[in-house]
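Student: Use these hints to put chain B onto chain A, whose structure you have.
2 protein chains.
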Amino acid sequence: MKLSENSTTKGETNRQMTTFELQLLGTNSALPAFGRHPTAQVLRIQRELFLIDCGEGTQMRFQKFGVRPNKINQIFISHLHGDHFYGLIGLLTTMSLLGRTKPLDIFAPEGLEEMIRVQTQYAGGEAPYPLQFHKMDTEVHQLIFENNTVEVFSIPLDHRVPTAGFLFREKPHDRKMIGAKIGEYNIPYSAIPGIKKGEDFTLPDGQRIPNAQLTEDPTPTRSYAYCSDTRYKEDIIPIIKGVDILYHEATFCEDLLVKTGPTGHSTAKQAAQIAKQAEVGRLILGHYSSRYDNLERFEMEAKPVFERVVAGREGEVYGVIHG
Amino acid sequence: MKLSENSTTKGETNRQMTTFELQLLGTNSALPAFGRHPTAQVLRIQRELFLIDCGEGTQMRFQKFGVRPNKINQIFISHLHGDHFYGLIGLLTTMSLLGRTKPLDIFAPEGLEEMIRVQTQYAGGEAPYPLQFHKMDTEVHQLIFENNTVEVFSIPLDHRVPTAGFLFREKPHDRKMIGAKIGEYNIPYSAIPGIKKGEDFTLPDGQRIPNAQLTEDPTPTRSYAYCSDTRYKEDIIPIIKGVDILYHEATFCEDLLVKTGPTGHSTAKQAAQIAKQAEVGRLILGHYSSRYDNLERFEMEAKPVFERVVAGREGEVYGVIHG
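As they're listed, the protein sequences go chains A and B. For the first sequence, my numbering begins at 1 and goes up steadily by one. For the second sequence, my numbering begins at 1 and goes up steadily by one.
No wet-lab data here; the hints were simulated from the structure. Quick caveat: nothing in here was measured; it's all calculated off a predicted structure. We put the beta carbon where it would ideally sit given N, CA and C, even for glycine. Check before you lean on any hint, since a few could be wrong.
What the hints assert, rightly or not - Here are the simulated BS3-like pairs of lysine-lysine, each with C-alpha atoms no more than 30 Å apart in a straight line:
(1) A:Lys64 x B:Lys259
(2) A:Lys71 x A:Lys259
(3) B:Lys276 x A:Lys259
(4) B:Lys241 x B:Lys181
(5) A:Lys259 x B:Lys64
(6) B:Lys241 x B:Lys176
(7) B:Lys259 x B:Lys241
(8) A:Lys71 x B:Lys259
(9) B:Lys233 x B:Lys197
(10) A:Lys259 x A:Lys233
(11) B:Lys259 x B:Lys303
(12) B:Lys171 x B:Lys197
(13) A:Lys64 x B:Lys64
(14) B:Lys276 x B:Lys259
(15) B:Lys102 x A:Lys259
(16) B:Lys259 x A:Lys102
(17) A:Lys259 x A:Lys303
(18) A:Lys233 x A:Lys71
(19) A:Lys181 x A:Lys197
(20) B:Lys259 x B:Lys171
(21) A:Lys102 x A:Lys64
Stated by the list, open to error - Just so you have them, the derived chain B footprint on chain A, three or more residues with Cβ under 8 Å:
(22) 84 to 91
(23) 105 to 118
(24) 263 to 275
With the rest of the complex left out, here is chain A (with noise of 0.2 Å):
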């Protein structure tokens, strides 16, 4: 896979290379209710742009918010909800109107692409640029993309038809040069990659330069989690062990615990319960209930399992918080 075509200056390039941000398009469960939409997100990883799911509007939030649809390469789309898909073909269709020509990956359970290649069909034929369907086994942990940036794991989960989560773990970063050791040594340009990878560095005397002498260490490896839709499973936990940032849906609260067994869905405590045992960075919750007005009272009952909890918010960007 390659990465995306847009050059950028320098000093924009750093910046991206830095980048690790969820952006929530729509937080709310199958209803659309008190202005919030059916779910999408999107995640920024360096130069790269991921959607996860894509209910009914998301191309209408991504004009909201900036997203360029053709920016994205690969979605995920975790089961066949409609509040998880239905936004798919209005984008597949805008993508062929705004001129992609390069391919798209969809990762999603069974029965997507049939539903996908059906509508396309009348819809005036296949879309000008290549859509490469990936079925995913939800019930299975496994690797189901990887490029230079990234790698992108199934979590099985526990719902009411076949619905994996999706980790998305960074691929190590070169190691950073320290820039006043060119000058110091007169490193050649071409020699920089390979220090960067951990080469030690030889002067033209045959002298050897460690190459912890020339360079520090690299940015950490970020981590993202996105569970939802889910009853509690504490099967995911040894899977999401540590990461950095934990999207867990909580689609009620404790008043409705009664309601996640039928439904196959958590309440906030529960997701707070998962973060906990996970020792995650931090979880943000989402997939509300349209009986819920007010999101402070999912924060109210997870604060007291896992204090470092926020109700996901539509449109707020969220970053890793070290330390």
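Tutor: Structure of chain B alone, referenced to chain A:
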């Protein structure tokens, strides 16, 4: 077909009996732009609510403008381009979640039923209410639906795929009872429906009171024609002759006249030429290309041809102009 099940006060009923209003929910063409949405509109006739086309996000537009999904019993889809129907599957799902049990009629060209059935199959089975698809022959002008209130006819249009517009003709209203006559002639309640239908009334002594002395002329019947998407097509003129409201697509202004042929669309001026020849009451433009930010330009180009024109705006309600 039964009327709305909502109970209403007498005042509300009287007001509703005179309702004939078009509300635009989406006025843009394929790509959402400038805060405009893909096509959807609701037509309120007396106590009934009809949905015409259903672009992505229509159910969120319902929320914004206070339209209740389960007030709708008939949906009319003009053609199978995504910006006219991608919101349908989400709306149907929401109707289920809101507990609908009464039937829903959908009128559309061939193919829509297959697309919807494939999606509902994966999303947990059939809807819990009867979903009745009526395949529409887009080549023929004919009656496709009627109930006590209205007749709906197809209008063959000229687009890139099979497309039909819709002509809504209100059925004749009852004559209006003159209230004072009820006391004057001691008319029993049971006789009133017949008198409203035009019957005379016979007094106990055999004297016959002509209907003209008991009633006033009814509210005039009203009509609405929806013509989108289409090239300039004079064949529709006899069909829509004299309608009170014409919505005609105006994807382009004159600067892009050259695009109307290949894309299957019209300019604002062409829409006005149709309105003028059809001698309609008023013309509402819509389905704007995402190239245009300023809608006044559409009005300015149409007005010299047909004065009673307005560039349709989302959320606005358009009624019949009398006189």
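Student: Would you mind marking each hint as holding or not holding in the structure?
Tutor: Structure-based check of each hint:
For the proposed pair A:Lys64 and B:Lys259, the alpha carbon gap of about 28 Å is at most 30 Å, so the pair holds. For a cut-off of 30 Å, the pair hint linking A:Lys71 to A:Lys259 is broken: about 39 Å separates their Cα positions. Pair hint B:Lys276 plus A:Lys259 does not hold up; C-alpha atoms about 59 Å apart against a cutoff of 30 Å. Only pairs whose Cα atoms come within 30 Å are accepted, and B:Lys241 paired with B:Lys181 is rejected, the gap being roughly 38 Å.
For the hint linking A:Lys259 to B:Lys64, the alpha-carbon distance of about 28 Å falls within 30 Å, and the restraint holds. With a CA separation close to 27 Å, the supplied pair B:Lys241 and B:Lys176 stays within the 30 Å bound. Taking the CA atoms of B:Lys259 and B:Lys241, the gap is near 27 Å; set against the 30 Å cutoff, the hint holds. Only pairs whose Cα atoms come within 30 Å are accepted, and A:Lys71 paired with B:Lys259 is accepted, the gap being roughly 28 Å.
Of the supplied pair hints, the one linking B:Lys233 and B:Lys197 is violated, its CA atoms being roughly 39 Å apart against a limit of 30 Å. The suggested pairing of A:Lys259 with A:Lys233 holds, with an alpha-carbon distance near 15 Å, which does not exceed 30 Å. Taking the CA atoms of B:Lys259 and B:Lys303, the gap is near 21 Å; set against the 30 Å cutoff, the hint holds. For a cut-off of 30 Å, the pair hint linking B:Lys171 to B:Lys197 stands: about 13 Å separates their Cα positions.
Between the alpha carbons of A:Lys64 and B:Lys64 the distance comes to roughly 16 Å, so the proposed pair stays at or under 30 Å and holds. With a C-alpha separation of about 23 Å, the suggested pairing of B:Lys276 with B:Lys259 holds against the 30 Å cut-off. In summary, the hint linking B:Lys102 to A:Lys259 is supported, as the alpha carbons are separated by about 26 Å, within the 30 Å threshold. For a cut-off of 30 Å, the pair hint linking B:Lys259 to A:Lys102 stands: about 26 Å separates their Cα positions.
At roughly 21 Å between alpha-carbon atoms, A:Lys259 and A:Lys303 fall within 30 Å of each other, so this suggested pair holds. Taking the CA atoms of A:Lys233 and A:Lys71, the gap is about 34 Å. The hint is violated against a cut of 30 Å. A C-alpha spacing of about 16 Å is found between A:Lys181 and A:Lys197, which places the hinted pair at or below 30 Å, so the restraint holds. Proximity of B:Lys259 to B:Lys171 is assessed by CA-CA distance (about 39 Å); at most 30 Å being required, the pair is judged violated.
Of the pairs offered as hints, the one joining A:Lys102 and A:Lys64 holds, with about 24 Å between alpha carbons and a cut-off of 30 Å not exceeded. Counting residues of the segment 84 to 91 of chain A whose CB lies closer than 8 Å to any CB of chain B gives 4, which reaches the minimum of 3, so the coverage claim holds. With a threshold of 8 Å between beta carbons, the proposed coverage of the segment 105 to 118 of chain A by chain B holds, since 5 of its residues qualify and at least three are required. For the segment 263 to 275 of chain A, the proposed coverage by chain B is not satisfied: 0 residues have a C-beta within less than 8 Å of a C-beta in that chain, short of the threshold of three.
Checked against the numbered hints given earlier, this structure breaks hints 2, 3, 4, 9, 18, 20 and 24; the rest are met.
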